[in-house]
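Novice: Protein sequence lines, in the order shown, are assigned to chains A and B.
Residue numbering for the first sequence follows my numbering, starting at 8 and increasing by one per position.
Residue numbering for the second sequence follows my numbering, starting at 8 and increasing by one per position.
By construction, these hints were calculated from the structure, which means they are not laboratory data.
Glycine included, C-beta positions come from ideal geometry on N, C-alpha and C.
What you were told as hints is all true, and nothing was included just to trick you.
In silico lysine-lysine, DSSO-like type, Cα no more than 30 Å apart, as pairs:
hint	chain 1	residue 1	chain 2	residue 2
1	A	28	A	49
2	A	28	B	130
3	B	28	A	130
4	B	89	B	28
5	A	234	A	28
6	A	50	A	190
Sample of chain B residues at the chain A side, in silico, Cβ under 7 Å:
hint	residue
7	10
8	12
9	13
10	19
11	22
12	213
13	227
14	246
15	251
2 protein chains.
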Amino acid sequence: MNNFSFYNPTRIFFGEGQIAKLTQAIPADARVLVLYGGGSIKKNGVYQQVSQALAEHTWFEFAGIEPNPSFHTLCQAVDMVKQEQIDFLLAVGGGSVADGTKFVAAAACFEGDPWDILAHRAKIQQALPLGVVLTLPATGSESNPNGVITNYQTQDKLSFFSAALYPQFAILDPTTTYSLPQKQVANGIVDAFVHTVEQYVTCAHGAQIQDAMAEGILRTLIQEGPKALHNPQDYQVRANVMWAATMALNGLIGCGVPQDWATHMIGHELTALHGLDHGQTLAVVLPAEWQVMREQKAQKLLQYGERVWGIQTGDEQTRIDQSIAKTRAFFESLGVATRLSDYGISADAIDAMVEALEKHGMTALGEQRNIDLPKSRAILQAAL
Amino acid sequence: MNNFSFYNPTRIFFGEGQIAKLTQAIPADARVLVLYGGGSIKKNGVYQQVSQALAEHTWFEFAGIEPNPSFHTLCQAVDMVKQEQIDFLLAVGGGSVADGTKFVAAAACFEGDPWDILAHRAKIQQALPLGVVLTLPATGSESNPNGVITNYQTQDKLSFFSAALYPQFAILDPTTTYSLPQKQVANGIVDAFVHTVEQYVTCAHGAQIQDAMAEGILRTLIQEGPKALHNPQDYQVRANVMWAATMALNGLIGCGVPQDWATHMIGHELTALHGLDHGQTLAVVLPAEWQVMREQKAQKLLQYGERVWGIQTGDEQTRIDQSIAKTRAFFESLGVATRLSDYGISADAIDAMVEALEKHGMTALGEQRNIDLPKSRAILQAAL
Numbered sequence: 008m009n010n011f012s013f014y015n016p017t018r019i020f021f022g023e024g025q026i027a028k029l030t031q032a033i034p035a036d037a038r039v040l041v042l043y044g045g046g047s048i049k050k051n052g053v054y055q056q057v058s059q060a061l062a063e064h065t066w067f068e069f070a071g072i073e074p075n076p077s078f079h080t081l082c083q084a085v086d087m088v089k090q091e092q093i094d095f096l097l098a099v100g101g102g103s104v105a106d107g108t109k110f111v112a113a114a115a116c117f118e119g120d121p122w123d124i125l126a127h128r129a130k131i132q133q134a135l136p137l138g139v140v141l142t143l144p145a146t147g148s149e150s151n152p153n154g155v156i157t158n159y160q161t162q163d164k165l166s167f168f169s170a171a172l173y174p175q176f177a178i179l180d181p182t183t184t185y186s187l188p189q190k191q192v193a194n195g196i197v198d199a200f201v202h203t204v205e206q207y208v209t210c211a212h213g214a215q216i217q218d219a220m221a222e223g224i225l226r227t228l229i230q231e232g233p234k235a236l237h238n239p240q241d242y243q244v245r246a247n248v249m250w251a252a253t254m255a256l257n258g259l260i261g262c263g264v265p266q267d268w269a270t271h272m273i274g275h276e277l278t279a280l281h282g283l284d285h286g287q288t289l290a291v292v293l294p295a296e297w298q299v300m301r302e303q304k305a306q307k308l309l310q311y312g313e314r315v316w317g318i319q320t321g322d323e324q325t326r327i328d329q330s331i332a333k334t335r336a337f338f339e340s341l342g343v344a345t346r347l348s349d350y351g352i353s354a355d356a357i358d359a360m361v362e363a364l365e366k367h368g369m370t371a372l373g374e375q376r377n378i379d380l381p382k383s384r385a386i387l388q389a390a391l
Numbered sequence: 008m009n010n011f012s013f014y015n016p017t018r019i020f021f022g023e024g025q026i027a028k029l030t031q032a033i034p035a036d037a038r039v040l041v042l043y044g045g046g047s048i049k050k051n052g053v054y055q056q057v058s059q060a061l062a063e064h065t066w067f068e069f070a071g072i073e074p075n076p077s078f079h080t081l082c083q084a085v086d087m088v089k090q091e092q093i094d095f096l097l098a099v100g101g102g103s104v105a106d107g108t109k110f111v112a113a114a115a116c117f118e119g120d121p122w123d124i125l126a127h128r129a130k131i132q133q134a135l136p137l138g139v140v141l142t143l144p145a146t147g148s149e150s151n152p153n154g155v156i157t158n159y160q161t162q163d164k165l166s167f168f169s170a171a172l173y174p175q176f177a178i179l180d181p182t183t184t185y186s187l188p189q190k191q192v193a194n195g196i197v198d199a200f201v202h203t204v205e206q207y208v209t210c211a212h213g214a215q216i217q218d219a220m221a222e223g224i225l226r227t228l229i230q231e232g233p234k235a236l237h238n239p240q241d242y243q244v245r246a247n248v249m250w251a252a253t254m255a256l257n258g259l260i261g262c263g264v265p266q267d268w269a270t271h272m273i274g275h276e277l278t279a280l281h282g283l284d285h286g287q288t289l290a291v292v293l294p295a296e297w298q299v300m301r302e303q304k305a306q307k308l309l310q311y312g313e314r315v316w317g318i319q320t321g322d323e324q325t326r327i328d329q330s331i332a333k334t335r336a337f338f339e340s341l342g343v344a345t346r347l348s349d350y351g352i353s354a355d356a357i358d359a360m361v362e363a364l365e366k367h368g369m370t371a372l373g374e375q376r377n378i379d380l381p382k383s384r385a386i387l388q389a390a391l
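Excised from the complex, chain A in its bound form (with noise of 0.2 Å):
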């Protein structure tokens, strides 16, 4: 186990019926701006459950975060809390929501361009307060202090964070995540999916409540997953759902070991270039790179196929083929394609996003910081 820092200050509020505790959440003399995306929570309750609560606080709204969520829409929310002195944050919504809020929260409070918080990475030394009433179990940014925004003018999907983001409080009630639609259901089970493998499947390490956690994550996952899409109203169903995602992603099964993310850097260009859903994008890179990066990962990917699929028998090579074969299936199983030519790329897209890693400085990704540019076009290549 390597030396850690953990801190995660988040206040989790979770059940049905919880965001009636926005009303004590949020200071009672806030001026609160509730952003949220294309108005599915006007649809399902929320918004309607998110007014009853802030019914005596004085607040506006700001709607249209849009899926990857834009550098320019934000840029109009941050024009938005400084007309009206805003001064607490609350994204209502999935991933994209919390990303796009903590962009905001960093962003009205920076001295200079905000643009160089993502394509120069400037330090964030201080943020609004914000906090998140959550409807999509996926990204766990509802509890970490990170987020990614998309500059559509210029192709970037860049990312950020700061210890000045963690959400001060974020309520999860699986019954918001009952009317969602199955595609976004299967893209967040994904991506919750990748983002315990990224920081398992790695090395050996020795962390073995790591492991454990991670694994009981993948298995939840599996298990609950496919319910989540063939009986939505299931409250058990949905509640491991949303907080496995919530436990992938808030630091902890990523305390002490390698961390290797290469899945959702290359990930990044192929929504940042083609437009696929984020989740679509780590379930084509992710069987592809452990393809490409097979006997770095080979200790790990045999645990994790014993352990998590139950694979037991047959030599090494045979056990690291079905692991692989097997999360692939996963993803087809949720109706998430995991081939480039799924979604109608060819190989002559390759250099164009072997061109935006370099560009975007992704030139040493994974645990061993050895997936070079090559190494990256031999992962997109495997996944045409």
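Got chain A sorted already, so can you dock chain B onto it with the hints?
Specialist: Chain B alone, transformed into the frame defined by chain A:
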């Protein structure tokens, strides 16, 4: 899964050499009181590391906090806090020192008689900030808001808690545990193990992540615990045991699940009346409690047997017998005896223990609050 709130703001610094982080972790202008136990930290180099890290700070020390920290000893520390105008407390030691320091933190800010905090569960509105340098993995006190204090005059061992008592930080350096006496290591492993099962071997609840985490902690303690005794300077072993003990009681595995704690409450009377170590009391009471409550706990005992011990064959009653027997054998293998008679306690001591439970209001224990005094008596009889 039941509704829950979760909040844990303790910052963890984990790994060799992390005691040096004290320099930044405690405000430079603080007046610090360092609290510790019997002086073992002066023999194993921890005191020296703390002194070095605090070289530029203004600090005082209070030694002599007992293994079951004494109310009257801690009142002396409270006097010192007031006299020296202390505004930050640093616990250096195991769970008893951490618990004692929390009590000092609360009592120093308490209006009225601090005994009320324990005897009448008076609400703790505020407390001095505190940090912990942990040298004994066991209680989890380093990152939770709970404590247990003993009044040796009245033979009361009583618990307290307050959200104001989360340590600001906890430093966990596994090398500080190399020199621990075997008995303390063994007691600590039993303590962490029983913390875990108090939140896991209850009744079925469907919270899969919490179960998987609990099972991972238990398997880690079973696998690594004996190694910690036989090869005390194996860093990875010590690191896994240390992190397991913290994760066992930082609140996470208890999120949204029923909790038992009868073994702890009955065990406290054994310490108060007969002076057994805390870990010893748990090793005695747990197998007896499971025996008496085996019907109510059947489903989770079977799950525990299968997932933690690999018990898969035989009828249900046989598997439950095996699960209990394996647990008892594990404690014994660590050198912790599991029968009252092993400690010279016979049936004629039971009346006084049941009376003490009654005095302390412990008349409805367990995850279903149905362990009344006759059931506690039956548990103590089964523990003979």
